[in-house]
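This is what each chain is made of:
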Amino acid sequence: MIVSSPPTLHNGETAHCLMFDVYIAAVPAIIAGILFFGLHALWILLVSIISAVITELVIQMFFTAKGFTFRPLIYNILTNDDITILDGSALATGILLAFTLPPGAPLWIPAVGSVFAIAVGKHVFGGLGNNIFNPALVGRAFLLAAWPGIMTTWTAPLAWLAGGSGTTVDAVTAATPLTAMKMSNQTTPLLDMILGNTSGCMGETSAIALLLGAGYLLYKGTITWHIPFSYIGTVFIFALLLGQDPVFHLFAGGLMLGAFYMATDVVTSPVTRSGRIIFGCGAGMLTILIRKYGGYPEGVCYAILIMNALAPLIERITMRSHQPDEVTVPMLDKILKD
Amino acid sequence: MDAFWPTFTRRPQTPPAFAGDLAMQQSAHMPTPAQVVIPLQDTPEDPFQVFVGSGDIVQAGQKIGIMGKEPNHIAVHATVSGTISAIIPMPHPLVYQINSVRISAQQKEKKIQNRPCSTVSHEDIFYFFREMGIPLDYASLPNAACLIVNATEFEPGISAKQRILIEKQEAVAGGLKLLAEASGTTKVVLICEKKDEQIRSIVWNICNKIQTATVQEVDSPFPDTIQELLRQKHARQSCDANKEASSDTSLMLDPAILAAAYDAYYHDIPFMEQLITVAGSGVQTPMNVWVPIGTLLSDIIQYAGGDPASARRVTIGGTLTGRPQYSLGAPLIKKSHAVIANIAIAFDKGRRSRFYNRCACVRCGKCVDVCPARIPPNTIAELIEHRRFDDAAGLGLFSCLECGLCYYVCPSQIPLVELLKLGKLNSRGRDSLLIFNSYKTLYS
Chain A
6 MIVSSPPTLH
16 NGETAHCLMF
26 DVYIAAVPAI
36 IAGILFFGLH
46 ALWILLVSII
56 SAVITELVIQ
66 MFFTAKGFTF
76 RPLIYNILTN
86 DDITILDGSA
96 LATGILLAFT
106 LPPGAPLWIP
116 AVGSVFAIAV
126 GKHVFGGLGN
136 NIFNPALVGR
146 AFLLAAWPGI
156 MTTWTAPLAW
166 LAGGSGTTVD
176 AVTAATPLTA
186 MKMSNQTTPL
196 LDMILGNTSG
206 CMGETSAIAL
216 LLGAGYLLYK
226 GTITWHIPFS
236 YIGTVFIFAL
246 LLGQDPVFHL
256 FAGGLMLGAF
266 YMATDVVTSP
276 VTRSGRIIFG
286 CGAGMLTILI
296 RKYGGYPEGV
306 CYAILIMNAL
316 APLIERITMR
326 SHQPDEVTVP
336 MLDKILKD
Chain B
15 MDAFWPTFTR
25 RPQTPPAFAG
35 DLAMQQSAHM
45 PTPAQVVIPL
55 QDTPEDPFQV
65 FVGSGDIVQA
75 GQKIGIMGKE
85 PNHIAVHATV
95 SGTISAIIPM
105 PHPLVYQINS
115 VRISAQQKEK
125 KIQNRPCSTV
135 SHEDIFYFFR
145 EMGIPLDYAS
155 LPNAACLIVN
165 ATEFEPGISA
175 KQRILIEKQE
185 AVAGGLKLLA
195 EASGTTKVVL
205 ICEKKDEQIR
215 SIVWNICNKI
225 QTATVQEVDS
235 PFPDTIQELL
245 RQKHARQSCD
255 ANKEASSDTS
265 LMLDPAILAA
275 AYDAYYHDIP
285 FMEQLITVAG
295 SGVQTPMNVW
305 VPIGTLLSDI
315 IQYAGGDPAS
325 ARRVTIGGTL
335 TGRPQYSLGA
345 PLIKKSHAVI
355 ANIAIAFDKG
365 RRSRFYNRCA
375 CVRCGKCVDV
385 CPARIPPNTI
395 AELIEHRRFD
405 DAAGLGLFSC
415 LECGLCYYVC
425 PSQIPLVELL
435 KLGKLNSRGR
445 DSLLIFNSYK
455 TLYS
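Going line by line, the protein sequences match chains A and B. For the first sequence, the residue numbers in my numbering are 6 to 343. For the second sequence, the residue numbers in my numbering are 15 to 458.
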C-alpha cells in the first residue's frame with residue numbers, strides 16, 4: 006500500500022512546459038529576424054543555442070552531476086538526474102541571447118556569449134532557480150563590455166536582399182532608431198518600427214512578432230500581466246513626463262523584448278504580485294533614465310539587470326509578515342468582518 | 015513521453031470538479047457488512063470506557079462505550095446488531111492501532127434499522143449530543159460568535175456533501191437551527207459556490223428558515239481544513255496571555271454533522287451512518303453510499319466493485335487533503351467524506367516519466383498566485399528545508415490550509431504541502447499546533 010502524503014493530484018505541468026511556451030512564442034520573432042536580416046541571423050541563433058546547451062552539459066558532466074560515468078555516454082546524459090539540459094532552460098537562454106545580438110556579428114560572438122551566460126550567469130550561482138541575474142542579459146552585458154565595437158555595429162534591414170553575405174564586413178551599416186534619436190535627434194517612422202523594418206538587435210526590431218508571442222505566453226499562463234504592463238506603462242508615463250515621444254519609446258529598441266521575455270523570466274523576478282508591479286515600475290524608470298540621460302542609447306538591458314539585483318528585497322517587503330504564533334484566515338475575512 | 019502533452023494545452027490552475035453526474039445519482043445504502051470495527055479512542059493515550067464484554071449481543075444503536083472521560087466525552091454506539099467478537103487494538107485510519115470493538119453482524123439487513131434510544135434527556139443539549147455520538151467542537155460551541163456552514167465541495171470528484179444537501183435538506187436546516195439556538199450565536203453564514211445552481215437554491219432555502227443566517231456566495235470552493243485552522247487560531251488566541259479571551263470565535267460546521275444532529279434530536283437516532291463517495295480507479299462503479307460507521311475499507315471497496323487485493327493506494331477523504339491508509343482492515347470513522355481507491359498505474363517512481371521527478375524550484379510563483387491563504391509556499395518550503403522554522407512561521411507557515419493547491423500547480427513537482435506539514439511538526443515549542451487532524455472526534 007502506498008502511503009505517500011497527500012496531495013496526490015497534479016495538473017501535469019512540468020518545467021518543460023514553461024520553456025516550450027517560450028520557444029513557441031519566440032518563433033514569430035525568429036522568423037521576423039531571418040526575414041529582415043538574412044540567413045546569417047539563423048546561424049547566430051543556432052550557434053547560440055548549441056553552445057548554450059553544450060556549456061551546460063559540460064559543466065554538469067564534469068562538475069555538478071553526482072556519480073556520472075562517461076562510459077554509456079548518451080544514455081547517461083539522458084537518464085542522469087543531475088543533467089538538466091532536457092528541461093530546456095539552456096535552450097531558452099540561447100534563444101534569448103541570440104535575440105539581443107546584432108545580426109551582423111561574427112559567429113564566435115554568440116558562442117562566447119552563451120558560454121559566459123550559462124557558466125557565469127547561471128551555474129556559478131547554483132544552477133537553475135538560483136541565479137540572481139537573467140543569464141541572457143548577463144551574456145549580453147559581458148559582450149557589450151568586452152567587444153563594444155562589434156556589438157554596436159548594426160546592419161540595415163533587408164540588406165541581404167540586395168546581395169552580400171550579411172556579415173559585418175560587407176553589410177550596409179545603419180543606425181538603430183534609438184541611436185539616431187540620441188546622436189542626431191532623428192525619428193524613425195512608426196510603421197517601420199512596429200513591423201521591424203529598422204536596424205537593431207536580431208529579435209528586438211519587430212514589435213508585432215514579439216507581441217504575437219507575448220500574447221501566446223499570456224494565454225498559456227506562462228507569464229502574468231503584471232510585469233509587462235507595469236514596465237511598459239511606466240516607460241510610457243515617464244517618457245511623457247520627460248518630454249519625449251512616448252509611442253516612439255515604446256517601439257524603439259528592445260523594450261518589447263525586454264518587457265515580455267527578459268523581465269518576466271521567472272527565476273529572477275519577484276514572486277508576489279505586488280512585487281512584480283514594483284519590479285516593472287522600477288525597470289521602466291531606469292530604462293527611460295538611461296535612454297535619456299545615460300551614455301548608452303539603449304537602457305533595457307541594464308535596467309533589468311539592476312532590478313534583478315533588487316528582486317529579493319522587493320520580495321521581502323511585499324510578503325506579508327506574520328507574528329510567530331499568528332494564524333490568519335484570509336478566506337474568511339470578507340465573511341467575518343460584517 | 016506522457017509529460018509532453020501538457021506542454022501544448024492550457025494547464026488548469028484549479029482542479030476541475032468532475033463529479034458532475036455522480037452528484038445527480040441517488041445514493042445507495044450499503045447492506046450490513048459482515049463485521050464492523052468501532053474505535054474507542056482518538057489516540058492511543060486517550061481514556062475510554064467500555065460497557066460491554068466479549069461475547070455480548072448488542073443491538074444497533076446501543077451505547078457500548080465512552081470515548082474520553084466524563085464530562086468531556088462522546089458516546090460510542092454499536093452500528094450493527096450482532097455479537098461482540100473482540101475488544102483489542104485494531105488498525106485505525108489515523109494511527110497505527112487503537113483499542114476498538116469488533117462486532118460481527120448477525121442478520122444481513124438491506125437497510126440499517128435505526129433504533130431510537132430515548133433514554134437521554136433533551137434538556138442539556140450539548141450533553142445530549144455527546145450521548146448521541148455527534149462529533150462537534152464542544153469546547154468552543156457554547157461561546158461561538160459565528161457559525162459557518164461550508165456547502166462548497168473543494169475536492170474534485172467527491173459529491174457526498176452535495177448529496178447530503180439534496181437528500182436531507184430539512185435535516186440540515188433543522189440541525190443548523192438547533193445548534194444556532196443552543197450556542198446563542200448572532201451570526202450564521204452559509205457558504206456556497208456561485209456556479210452550482212442546485213446547491214445554491216438549497217442553501218438559500220436553508221437560509222430563509224433561520225433568522226440570523228446569511229449566504230455568502232464564493233467563486234472558488236473552500237477547503238474543509240478551515241475547520242482545523244479556525245480551531246487552532248482560537249487555541250492560539252486563548253493561550254496568548256496578553257490578550258483577554260476574545261469572544262469572537264467562529265466555528266465551521268459540516269452539513270453531514272448537522273443532519274446527524276437533527277436526526278438525533280428529533281428522531282432519537284444516534285450517529286451511526288455516514289454518506290460517503292467511493293471513487294477512484296480501483297472501483298468499478300463509483301457511487302455515493304450510506305455506510306455504517308466502522309465498516310472496514312475492504313468491505314466498502316468490495317461493495318463498490320473493486321478488488322481489495324489489487325488496491326495500491328486507498329485514501330480517506332479526497333485526493334488533495336485526504337489521508338492515505340496503510341491497511342484495508344481499518345474502519346471508516348466519523349466525519350469521513352470519501353474513500354478513494356487507486357490501482358497503481360503510472361505513479362510509481364519506476365514507471366512514471368522522469369520528467370515528473372522533483373526539480374529545483376524555479377520561483378515561478380504559481381503557488382503564490384494560487385494559494386488561498388495568501389502565503390508564499392515556495393519561500394516557506396525553502397526555509398523549512400534549511401531548518402529555519404522561526405523564519406518560516408514569520409512568513410505565515412501556520413496559516414497554511416494544507417489544501418494542496420500549491421502542489422497541484424507546481425511545475426517542478428515539489429511536495430510543498432509535505433514540506434509545510436513537516437515544518438509545522440518540527441517547529442520548536444509549537445506542541446499544540448500540529449498538522450491538521452480533521453477526523454478527531456473529541457475536543458476537550
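Fair warning: there could be bad hints in the mix.
Taking lysine to any residue and the SDA-like style, the derived pairs with C-alpha atoms no more than 20 Å apart in a straight line are [unchecked claim]:
#, chain 1, residue 1, chain 2, residue 2
1, B, Lys435, A, Pro329
2, B, Lys208, A, Asn85
3, A, Lys71, B, Asp321
4, B, Lys223, B, Pro170
5, B, Lys208, B, Ala31
6, B, Lys435, A, His327
7, B, Lys348, B, Glu207
8, A, Lys342, B, His87
9, B, Lys454, B, Arg24
10, B, Lys77, B, Gln120
11, B, Lys208, B, Glu242
12, B, Lys435, A, Ile7
13, A, Lys225, B, Ile139
14, A, Lys342, B, Gln230
15, A, Lys71, A, Ile59
16, B, Lys349, B, Gln230
17, B, Lys435, A, Ile213
18, B, Lys348, B, Pro30
19, B, Lys209, B, Glu195
20, A, Lys339, B, Glu207
21, A, Lys339, B, Pro30
22, A, Lys339, B, Lys348
23, A, Lys342, B, Ser95
24, A, Lys71, A, Asn85
25, A, Lys225, B, Lys435
26, A, Lys339, B, Lys223
27, B, Lys435, B, Lys77
28, A, Lys339, B, Pro170
FYI, nobody ran anything at the bench for these hints, they're computed from the structure. Only a predicted model underlies this, so the values are computations on that prediction, with no experimental measurement involved.
- Within 20 Å, alpha carbon to alpha carbon, are Lys225 of chain A and Lys435 of chain B? Violated - the C-alpha atoms of Lys435 of chain B and Lys225 of chain A are around 31 Å apart, more than 20 Å.
- Query: Is the hinted pair Lys339 of chain A and Pro30 of chain B satisfied, with a Cα-Cα distance of at most 20 Å?
  - Reply: This hinted pair is violated, its Cα atoms lying about 25 Å apart.
- Query: Given the proposed pairing of Lys208 of chain B with Asn85 of chain A, does the C-alpha separation stay at or below 20 Å?
  - Reply: Between Lys208 of chain B and Asn85 of chain A the Cα gap is close to 48 Å, so the pair fails against 20 Å, i.e. violated.
- Task: Would you check the hint for Lys348 of chain B and Pro30 of chain B, treating anything up to 20 Å between C-alpha atoms as holding?
- Result: Violated, at about 27 Å.
- Message: Would the hint linking Lys209 of chain B and Glu195 of chain B be met if the CA-CA limit is 20 Å?
- Response: 31 Å, violated
- Message: Holds or violated: Lys71 of chain A and Asn85 of chain A, Cα atoms, limit 20 Å.
- Response: With Cα atoms ~9 Å apart, Lys71 of chain A and Asn85 of chain A stay inside 20 Å; holds.
- Hinted pair Lys208 of chain B and Glu242 of chain B, Cα distance within 20 Å: Violated, because 24 Å separates the two Cα atoms, which is more than 20 Å.
- Query: Holds or violated: are the alpha carbons of Lys208 of chain B and Ala31 of chain B at most 20 Å from each other?
  - Reply: At roughly 14 Å apart (the allowed maximum being 20 Å), Ala31 of chain B and Lys208 of chain B satisfy the hint.
- Query: Would the pair Lys339 of chain A and Pro170 of chain B pass a check requiring their Cα atoms to be no farther apart than 20 Å?
  - Reply: 25 Å, violated
- Message: Holds or violated: Lys77 of chain B and Gln120 of chain B, Cα atoms, limit 20 Å.
- Response: 18 Å, holds
- Query: Is it true that the CA of Lys454 of chain B sits at most 20 Å from the CA of Arg24 of chain B?
  - Reply: 39 Å, violated
- Satisfaction of hint between Ile59 of chain A and Lys71 of chain A, Cα-Cα up to 20 Å: Holds, at about 18 Å.
When each numbered hint is compared with the structure, violations occur for hints 2, 3, 4, 7, 8, 9, 11, 13, 16, 17, 18, 19, 21, 22, 23, 25, 26, 27, 28.
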